[in-house]
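Number of protein chains: 2
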Amino acid sequence: MVLLKDVSTKSPKEFDKEQAKEETGKIKKKLDDLQNLLFAEGRHAVLVVIQGMDGSGKDGAIKNVFGGLNPQGIQVKSFKAPTTEELNHDFLWRIHQHAPAKGMIQVFNRSHYEDVLVTRVHGWCDDETAQKRFKAINHFEKLLQEHNQTTLLKFYLHVSPEEQQERLKERTENPEKMWKYNAKDFDEAKLWDKYMQMYEDVFAHCNDPEWTIVPADQNWYKEYLIAKTLLTALEELKMSYPLLRKE
Amino acid sequence: MVLLKDVSTKSPKEFDKEQAKEETGKIKKKLDDLQNLLFAEGRHAVLVVIQGMDGSGKDGAIKNVFGGLNPQGIQVKSFKAPTTEELNHDFLWRIHQHAPAKGMIQVFNRSHYEDVLVTRVHGWCDDETAQKRFKAINHFEKLLQEHNQTTLLKFYLHVSPEEQQERLKERTENPEKMWKYNAKDFDEAKLWDKYMQMYEDVFAHCNDPEWTIVPADQNWYKEYLIAKTLLTALEELKMSYPLLRKE
Chain A
1 MVLLKDVSTK SPKEFDKEQA KEETGKIKKK LDDLQNLLFA EGRHAVLVVI
51 QGMDGSGKDG AIKNVFGGLN PQGIQVKSFK APTTEELNHD FLWRIHQHAP
101 AKGMIQVFNR SHYEDVLVTR VHGWCDDETA QKRFKAINHF EKLLQEHNQT
151 TLLKFYLHVS PEEQQERLKE RTENPEKMWK YNAKDFDEAK LWDKYMQMYE
201 DVFAHCNDPE WTIVPADQNW YKEYLIAKTL LTALEELKMS YPLLRKE
Chain B
1 MVLLKDVSTK SPKEFDKEQA KEETGKIKKK LDDLQNLLFA EGRHAVLVVI
51 QGMDGSGKDG AIKNVFGGLN PQGIQVKSFK APTTEELNHD FLWRIHQHAP
101 AKGMIQVFNR SHYEDVLVTR VHGWCDDETA QKRFKAINHF EKLLQEHNQT
151 TLLKFYLHVS PEEQQERLKE RTENPEKMWK YNAKDFDEAK LWDKYMQMYE
201 DVFAHCNDPE WTIVPADQNW YKEYLIAKTL LTALEELKMS YPLLRKE
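Those sequence lines, one after another, are chains A and B.
Just so we're aligned: 98 in the UniProt record's numbering is position 98 of the first sequence, and the numbers increase by one with no gaps anywhere.
Just so we're aligned: 141 in the UniProt record's numbering is position 141 of the second sequence, and the numbers increase by one with no gaps anywhere.
There could be a bad hint or two in this list.
Pairs involving identical chains hold if they fit within one copy or between any two copies, as the list cannot separate such chains.
[Stated by the list, open to error] Dumping the calculated SDA-like pairs for lysine to any residue here, alpha-carbon to alpha-carbon at most 25 Å:
id, residue 1, residue 2
1, Lys184, Gly42
2, Lys194, Phe134
3, Lys29, Asp208
4, Lys169, Asn70
5, Lys184, Gln165
Worth flagging that the hints you see were computed from the coordinates, not collected in a lab.
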């Protein structure tokens with residue numbers, strides 16, 4: 001059982017910022033080639049789930065890790081509070097619509113996991129329902145993997161509460177970040193321990209494939225680790241360009 | 001009335017390849033900032049329609065002009081032959097679903113214009129229906145512009161038939177491009193004059209906003225001109241970061 005307070009939010013000692021940034025640059029070039037291959041081959045789909053507290057750097061990770069890729073082969077979906085129409089369906093209905101097609105990389109900025117996170121923290125979802133949702137999530141994720149050749153990568157961006165406070169504060173001070181400010185974020189931040197507990201419960205029940213817990217106090221390390229994990233996963237697909245189809 | 005055979009498919013004389021590439025690089029940095037502002041401000045939408053014959057470089061334009069942007073703020077939709085469900089609706093039904101939200105850049109790789117291009121060339125759409133479709137397209141484009149603050153940019157990638165043949169041939173020879181090969185493309189290419197005539201008819205009837213006819217035999221010039229046109233359009237929006245919303 002993962003206890004998040006025992007997991008460092010900082011990069012391991014052996015990592016140097018400049019070196020990591022250089023390495024990330026190299027990885028991104030390889031990702032560019034592999035994405036082209038993924039699209040050309042059209043046999044695999046990739047789904048990247050990004051979760052984390054407000055201010056954990058989800059938007060930045062998406063911009064800086066996935067920003068160099070061909071936009072024709074990648075889609076990003078940010079899941080917000082569900083609409084009335086969405087609430088009139090099962091909680092995976094709106095998610096399923098954005099599952100990646102073969103050849104595509106789909107990034108989820110937040111995801112179906114919010115239905116066992118924010119909802120539990122606020123008591124909108126009781127423990128019994130949560131247990132049922134864990135099972136449904138596992139079945140759903142297996143469906144995507146087994147029935148559409150989907151590689152699923154799940155990242156939890158792990159910041160310290162101190163770093164989070166710094167970043168939320170910056171949104172009240174930096175004119176280019178004020179648009180991100182939401183007074184409610186400070187209220188949510190007060191529920192930190194409860195959120196951690198619910199994340200730990202997610203890791204205990206929905207861990208196939210395993211979550212990557214990304215130390216995220218330093219953006220350069222966060223970006224390096226996500227890029228590296230994606231690279232490894234794409235390389236494992238052993239893809240190749242299709243031969244000429246004579247028709 | 002535009003006669004496409006009188007429009008050059010090559011860059012104007014004063015353009016130098018290296019200079020254009022350098023300039024495109026600079027423009028892309030500015031586009032990156034402006035996209036961030038577009039997203040942050042959330043008051044305008046941008047729709048980029050890209051049309052052109054097979055091999056005119058639509059995919060490359062999307063990769064190389066829009067590739068550096070934040071994938072969270074851009075979506076690309078490639079319109080293929082309509083499905084049975086799509087055919088059971090009006091021709092703009094499937095298009096409308098992909099109209100950009102405020103804050104977003106949406107790129108159409110082919111578009112509703114195929115319904116007055118490939119369909120007319122093959123006789124699936126008669127002249128009378130085409131005239132009605134032109135009107136419907138104009139009303140639809142006005143709706144997006146007037147009712148959702150959408151900046152609409154329409155690009156026709158203009159290659160010579162000789163350059164097209166070269167590129168289609170390359171798909172049979174270059175292993176990294178074979179996946180793009182479709183024997184039918186050579187048959188379509190034989191209908192060149194008819195396609196040009198139908199494009200000319202589009203420019204005559206649906207030209208508000210005006211189409212940008214992009215000389216596209218040289219990719220570096222094509223990319224420069226699209227990037228530059230997009231930059232000018234975004235600068236004209238006079239956007240600014242929103243102030244802090246105290247709630």
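Hints not upheld, ascending by number | 3
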